[in-house]
Amino acid sequence: MLDFASKPGLLFVVATLLPLASFVLILVAFAIRTALRSSPEGSIGQQLYQASGGDVPSRWPAWLATAAIGLAFVCSATGFVWFLDDHKQIESLEEEARHGKASDRELAHEKLKELEAHWVGSIDWVRLGASDDPRQGLALQLGFRIDHLSAIMFLMVTLVATLIHLFSLGYMAEEKQLHVEDHQVHGEEGHYRRRGRFGRFFLFLSLFCFSMLNLVLADNLFQVFVSWELVGICSYLLIGFYFERSSASNAANKAFITNRIGDAGFVIGLMIVWTYFGTFNFQELFSRVRAPVQDSHGEKLDLAAQIVRGNVTGEGKGKKIIFDPQGPEVLLFPRQRGHFHAEWITPGGDQDVRDDPKERQFGHMPYWLLVAAGLGIFLGCVGKSAQFPLHVWLPDAMEGPTPVSALIHAATMVAAGVYLVGRCFPLFTAEVLLVIAYTGGITLFVAATIAVVMRDIKRVLAYSTVSQLGYMMLALGVGGWVAGLFHLLTHAFFKALLFLGSGAVIYGCHHEQDLLKMGGLYPKMKITALTMLMAVLAISGIPGFSGWYSKDVIVAQAMGFASVHPEHVLLFLLPLVTAGLTTFYMFRMWLLAFAGEPRDHHVYEHAHEAPGIMTGPLVVLAVFSVGVAWGWPFFSSAFPFIDSESSWLEHQLHHAQPDAVQASFGLNKAEWEAARDGRLSGQYFGKPPIGPELAELEKQKKERYWAEEYSHLAGNLALGVVIIGLVFAFALYYYRVLDPAEGEAQFPGIARFLTHKWYFDELYSALIVQPALLVSDWCKNIDTRCIDWLIDNSAAITVRVAEKDGRFDNRVIDGMVNLFATVAYGVGNWFRRWQTGYLRSYVLFLVLAAVGIFVILSYFINATG
Amino acid sequence: MPEAIGLNHYLLLGAILFVCGAVCMATKRNAIGVLMGVELVLNGATVNFVAFAHFNPAFAVEGQVFALFVIVMAAAEAAIALAIVLNFYNNHLTVDVDTAEELKG
Numbered sequence: 001m002l003d004f005a006s007k008p009g010l011l012f013v014v015a016t017l018l019p020l021a022s023f024v025l026i027l028v029a030f031a032i033r034t035a036l037r038s039s040p041e042g043s044i045g046q047q048l049y050q051a052s053g054g055d056v057p058s059r060w061p062a063w064l065a066t067a068a069i070g071l072a073f074v075c076s077a078t079g080f081v082w083f084l085d086d087h088k089q090i091e092s093l094e095e096e097a098r099h100g101k102a103s104d105r106e107l108a109h110e111k112l113k114e115l116e117a118h119w120v121g122s123i124d125w126v127r128l129g130a131s132d133d134p135r136q137g138l139a140l141q142l143g144f145r146i147d148h149l150s151a152i153m154f155l156m157v158t159l160v161a162t163l164i165h166l167f168s169l170g171y172m173a174e175e176k177q178l179h180v181e182d183h184q185v186h187g188e189e190g191h192y193r194r195r196g197r198f199g200r201f202f203l204f205l206s207l208f209c210f211s212m213l214n215l216v217l218a219d220n221l222f223q224v225f226v227s228w229e230l231v232g233i234c235s236y237l238l239i240g241f242y243f244e245r246s247s248a249s250n251a252a253n254k255a256f257i258t259n260r261i262g263d264a265g266f267v268i269g270l271m272i273v274w275t276y277f278g279t280f281n282f283q284e285l286f287s288r289v290r291a292p293v294q295d296s297h298g299e300k301l302d303l304a305a306q307i308v309r310g311n312v313t314g315e316g317k318g319k320k321i322i323f324d325p326q327g328p329e330v331l332l333f334p335r336q337r338g339h340f341h342a343e344w345i346t347p348g349g350d351q352d353v354r355d356d357p358k359e360r361q362f363g364h365m366p367y368w369l370l371v372a373a374g375l376g377i378f379l380g381c382v383g384k385s386a387q388f389p390l391h392v393w394l395p396d397a398m399e400g401p402t403p404v405s406a407l408i409h410a411a412t413m414v415a416a417g418v419y420l421v422g423r424c425f426p427l428f429t430a431e432v433l434l435v436i437a438y439t440g441g442i443t444l445f446v447a448a449t450i451a452v453v454m455r456d457i458k459r460v461l462a463y464s465t466v467s468q469l470g471y472m473m474l475a476l477g478v479g480g481w482v483a484g485l486f487h488l489l490t491h492a493f494f495k496a497l498l499f500l501g502s503g504a505v506i507y508g509c510h511h512e513q514d515l516l517k518m519g520g521l522y523p524k525m526k527i528t529a530l531t532m533l534m535a536v537l538a539i540s541g542i543p544g545f546s547g548w549y550s551k552d553v554i555v556a557q558a559m560g561f562a563s564v565h566p567e568h569v570l571l572f573l574l575p576l577v578t579a580g581l582t583t584f585y586m587f588r589m590w591l592l593a594f595a596g597e598p599r600d601h602h603v604y605e606h607a608h609e610a611p612g613i614m615t616g617p618l619v620v621l622a623v624f625s626v627g628v629a630w631g632w633p634f635f636s637s638a639f640p641f642i643d644s645e646s647s648w649l650e651h652q653l654h655h656a657q658p659d660a661v662q663a664s665f666g667l668n669k670a671e672w673e674a675a676r677d678g679r680l681s682g683q684y685f686g687k688p689p690i691g692p693e694l695a696e697l698e699k700q701k702k703e704r705y706w707a708e709e710y711s712h713l714a715g716n717l718a719l720g721v722v723i724i725g726l727v728f729a730f731a732l733y734y735y736r737v738l739d740p741a742e743g744e745a746q747f748p749g750i751a752r753f754l755t756h757k758w759y760f761d762e763l764y765s766a767l768i769v770q771p772a773l774l775v776s777d778w779c780k781n782i783d784t785r786c787i788d789w790l791i792d793n794s795a796a797i798t799v800r801v802a803e804k805d806g807r808f809d810n811r812v813i814d815g816m817v818n819l820f821a822t823v824a825y826g827v828g829n830w831f832r833r834w835q836t837g838y839l840r841s842y843v844l845f846l847v848l849a850a851v852g853i854f855v856i857l858s859y860f861i862n863a864t865g
Numbered sequence: 001m002p003e004a005i006g007l008n009h010y011l012l013l014g015a016i017l018f019v020c021g022a023v024c025m026a027t028k029r030n031a032i033g034v035l036m037g038v039e040l041v042l043n044g045a046t047v048n049f050v051a052f053a054h055f056n057p058a059f060a061v062e063g064q065v066f067a068l069f070v071i072v073m074a075a076a077e078a079a080i081a082l083a084i085v086l087n088f089y090n091n092h093l094t095v096d097v098d099t100a101e102e103l104k105g
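Protein sequence lines, in the order shown, are assigned to chains X and E. Just so you know, the first sequence maps onto residues 1 to 865 in this note's numbering. Just so you know, the second sequence maps onto residues 1 to 105 in this note's numbering.
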């Protein structure tokens, strides 16, 4: 069975499959009950149905789903601890393998292999081609590969999901009733009434958890794509959970269709990858695109972890690629490294290539196609992570129940895009990374400005999510691989908290979502208010809270990038300014909801704190929002609160960072100093550089180096902007020094522009929806006028021809057949008379015939003879 | 002068026998009588064969053999016909062939 000792990675597989098991169990139970429900009155089926609860929504699916995801969390936590322990061993073994005695090296290498095999595994899912030999032919695989990133993601997803499941137990309590009145749907007799859908909600949540975990688990792009689509369908189902409301079903459609646009890009990327690499496995892809860091002798390559470009010359077996940093072709490295020599890949050199390379041969592909593949995959991420210009679906997705907004549209699913960009980082060329950076930059600013004016509490949070996702994308694009994914993790906690908090507020205020009708709710719901305050502080980037750690590194990275590329200074200014905007709109939301005087007494009087099952998760999330990024052990650094570099989580993520980040954006400060002192593993072969080597190393001071060099400056700048935002927020919404309404009146153009969300929906409506409707209308006219006319007329002609044909058939053909029959009948009737039945008459005929024959014969005999 | 008995006399005898038989078959209503008529017809034919065998040396053997065949056949035929008659009698309690008219048109 499951041998965890020899393959502890299976713990994560089990964690993935638990929600699936829950999903399948609930689905089967529902299918059986649905079948029983339609059985006739009084039958055994109907009795069974009534005995198992009848029409009352069952509660066990909720407990099952919650237990499954809780157990998944336990599994991943165990796996994570195990993984860290293994990793420590791996590090010490690597050290030994490099510097130990020759006899020890062999042993160390073997142990290393064994340990690394703990965390990977795959099976062929669909094998293409006829060969049974697993080494030949292509195969789509199902597999897992655990590294620091996926292990931490697992922990985050299962923890947040468990808390959200618990919260939903309280929030969705209304659905436990036999009849639920939907106040937003008006039927002919007042409000629309329907059966509660308590179980269905948890059914979808379970499927979602499985898909998300599978996405993180996957070791290949195709498995990611499958989960990607599953996640998409779950999102669709949950946004449209109240599908009787037209707004909800429209929002679900919008989310689904917008995501399809992104997925079209994803599929294009997949096709290019499949065509040129014949595999979807991440490790294989990266090792084919990126040069190895060192060769078989441990010597460092000059083009380590880079994409090698060049010009291809020659034909057939004489084909060569001459290296050129601007060349139109990309060198693809062999599938199997085997013996590899650093001199094979030197700048200005050349290498034999084949069009259809074998295991150990080099191949090549057009550079622009690699760019297209990267852009395609990124387009998928743009859709999923709601980046500009496909961000329009996320705010509308707030039509779903609030726990769904928290789980899917804040903490996990939308993060999948960021996660995938991080995973596929080695596939991305410099151009693609720049596109990613600018997409993120535009998104974070646009969304933040819209969030400033939104009145619906969930929409504020939705735009804030879009904006924060933009931060992550920007960070990845400017080389802050760790920064972007670090922010993804911290953001998951405080955004889940914000959404659950808003859910508690909405629940407490009886489904009132308008911020302007709230106010002064603090005394009524203290736990909610305080926990949300923690999240607001965290997202604003107040020192000591988790968001500060991650946002600081992003801003610093952007600053480092801008210092190397002054023409892209916008990529630094946008996140800096938006940091202030973020603080402003988050505090605006909190102050409008909880502080000041109640604005709507009806809402205020009926407001109440949420039950313990809902506030419990809030408190847990608040603890994580504050402390998830702290150093560990707590006093490992001198100033755990004020030194943003002391985060334990960030250090863990560093282990998962691909070498491609170094290759594209240089070394960071610590790595650079290690290289200077000859300590950096794999680089400069353990010798301090001298003379020209040192000068070469000086050139390695690129984006990541300067990012660290400027980190304190960037952090202080960001803090300054945050304080400005804070001051404005308090001035407008707490002390009322300035009146926000007056501000809107002063700049009506800007206010209208922002409340209309930069007119994106209108723009898409005018550019895409209206023309599409126009074309459809046109097609409809062609259809009704031309095609239908043709069909109608040809039908009429057919009828007339058929009538003529029928008459011909009846008269002529049938007449002939009848004639033959009549004649045959008459002849038969006439002959019948000769059949008298008397033997004597037969004998008479016989004799007469004999006489006749004789007469004829005698005539012939006379005639001839 | 009376002519010596030749082929024509025999043929005439055969023909008389044939005609007697045929008339017997056509006129008798008793099935046994009809059978007797059949025997007469066959015997007429046999006389012919034997006569040709006697007067025409080319048929010396064949005529005799055919006559024997006809006799054997007549015996077999009589056996079958008598069986039919017996069955007919069982079903109709008569041997009148006019009652066997169920297959008439």
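Honestly, the hints are just simulated from the structure, not real lab data. Hints are supplied without guarantee of correctness; some may be wrong.
To be verified - Beyond 10 Å from chain E on every Cβ pair, some chain X residues (computed):
{"id": "1", "residue": "V185"}
{"id": "2", "residue": "V392"}
{"id": "3", "residue": "V577"}
{"id": "4", "residue": "D600"}
{"id": "5", "residue": "Q835"}
{"id": "6", "residue": "Y838"}
{"id": "7", "residue": "L846"}
As the list claims (entries may be wrong) - Simulated restraints on C-beta separations:
{"id": "8", "chain 1": "X", "residue 1": "Y825", "chain 2": "E", "residue 2": "L13", "range": "43 to 51 Å"}
{"id": "9", "chain 1": "E", "residue 1": "N87", "chain 2": "X", "residue 2": "Y825", "range": "14 to 22 Å"}
{"id": "10", "chain 1": "E", "residue 1": "N87", "chain 2": "X", "residue 2": "F820", "range": "40 to 48 Å"}
{"id": "11", "chain 1": "E", "residue 1": "E39", "chain 2": "X", "residue 2": "Y825", "range": "16 to 24 Å"}
{"id": "12", "chain 1": "X", "residue 1": "F860", "chain 2": "E", "residue 2": "I16", "range": "22 to 30 Å"}
{"id": "13", "chain 1": "E", "residue 1": "F69", "chain 2": "X", "residue 2": "F820", "range": "24 to 32 Å"}
{"id": "14", "chain 1": "E", "residue 1": "L13", "chain 2": "X", "residue 2": "F820", "range": "36 to 44 Å"}
{"id": "15", "chain 1": "X", "residue 1": "F820", "chain 2": "E", "residue 2": "V72", "range": "46 to 54 Å"}
{"id": "16", "chain 1": "X", "residue 1": "G828", "chain 2": "E", "residue 2": "I16", "range": "35 to 43 Å"}
{"id": "17", "chain 1": "X", "residue 1": "G828", "chain 2": "E", "residue 2": "F69", "range": "46 to 54 Å"}
{"id": "18", "chain 1": "E", "residue 1": "V72", "chain 2": "X", "residue 2": "L848", "range": "24 to 32 Å"}
{"id": "19", "chain 1": "E", "residue 1": "F69", "chain 2": "X", "residue 2": "L848", "range": "25 to 33 Å"}
{"id": "20", "chain 1": "E", "residue 1": "N87", "chain 2": "X", "residue 2": "N810", "range": "50 to 58 Å"}
To be verified - Examples of chain X residues toward chain E, derived with CB under 7 Å:
{"id": "21", "residue": "H510"}
{"id": "22", "residue": "R752"}
{"id": "23", "residue": "V843"}
{"id": "24", "residue": "L844"}
{"id": "25", "residue": "L848"}
{"id": "26", "residue": "A849"}
{"id": "27", "residue": "V851"}
We put the beta carbon where it would ideally sit given N, CA and C, even for glycine.
Tested hints:
Listed as a non-interface residue, V185 (chain X) keeps its Cβ farther than 10 Å from every Cβ of chain E; the least gap is roughly 86 Å. Against the 10 Å criterion, V392 (chain X) stays outside the reach of chain E, whose nearest CB is about 94 Å from its own CB. Even its closest Cβ contact with chain E, about 116 Å, leaves V577 (chain X) beyond 10 Å, as expected for a residue assigned away from the interface. The non-interface label for D600 (chain X) is consistent with chain E: the shortest C-beta to C-beta separation is roughly 109 Å, beyond 10 Å.
Listed as a non-interface residue, Q835 (chain X) fails to keep its Cβ farther than 10 Å from every Cβ of chain E; the least gap is roughly 3 Å. With a closest Cβ-Cβ approach of about 6 Å to chain E, Y838 (chain X) is found to fall inside the 10 Å limit, against its non-interface label. Listed as outside the interface, L846 (chain X) is inconsistent with that label: its C-beta sits roughly 8 Å from the nearest C-beta of chain E, within the 10 Å cut-off. A hinted range of 43 to 51 Å holds for the C-beta pair Y825 (chain X) and L13 (chain E), which are about 49 Å apart.
Taking 14 to 22 Å as the suggested C-beta distance range, the pair N87 (chain E) and Y825 (chain X) does not conform, at roughly 35 Å. About 41 Å separates the C-beta atoms of N87 (chain E) and F820 (chain X), a value consistent with the hinted range of 40 to 48 Å. E39 (chain E) and Y825 (chain X) have their C-beta atoms about 42 Å apart, which leaves the hinted 16 to 24 Å range violated. In this structure the hint that F860 (chain X) and I16 (chain E) lie 22 to 30 Å apart at CB holds, the actual value being about 25 Å.
Take F69 (chain E) and F820 (chain X): their Cβ atoms lie about 47 Å apart, and the range 24 to 32 Å is violated. Checking the proposed 36 to 44 Å range against L13 (chain E) and F820 (chain X) shows it is violated: the Cβ atoms sit about 53 Å from each other. A C-beta distance of roughly 49 Å is found between F820 (chain X) and V72 (chain E), which places it inside the suggested range of 46 to 54 Å. The given range of 35 to 43 Å is respected by G828 (chain X) and I16 (chain E), whose C-beta atoms sit roughly 40 Å from each other.
Range check, G828 (chain X) to F69 (chain E): Cβ separation about 39 Å, and the 46 to 54 Å hint is violated. Checking the proposed 24 to 32 Å range against V72 (chain E) and L848 (chain X) shows it holds: the Cβ atoms sit about 29 Å from each other. A C-beta distance of roughly 27 Å is found between F69 (chain E) and L848 (chain X), which places it inside the suggested range of 25 to 33 Å. Roughly 53 Å separates the CB atoms of N87 (chain E) and N810 (chain X), a value that falls within the hinted 50 to 58 Å.
Because the beta carbon of H510 (chain X) sits about 101 Å from the nearest beta carbon in chain E, more than 7 Å, this interface hint is broken. Here the hint on R752 (chain X) is broken, as its CB sits about 107 Å from the closest CB of chain E, past 7 Å. Because the beta carbon of V843 (chain X) sits about 5 Å from the nearest beta carbon in chain E, less than 7 Å, this interface hint is met. Because the smallest distance between the Cβ of L844 (chain X) and any Cβ of chain E comes to about 5 Å, under 7 Å, the interface hint for this residue holds.
For L848 (chain X), the interface hint is violated, the least distance from its beta-carbon to any beta-carbon of chain E being 10 Å, above 7 Å. For the restraint placing A849 (chain X) at the interface with chain E, the shortest Cβ-Cβ distance is roughly 12 Å, beyond the 7 Å limit, so the hint is violated. Below 7 Å, beta-carbon pairs count as interface contacts, and V851 (chain X) has none with chain E, the closest being about 10 Å; its hint is therefore violated.
Checked against the numbered hints above, the structure violates hints 5, 6, 7, 9, 11, 13, 14, 17, 21, 22, 25, 26 and 27; every other hint is satisfied.
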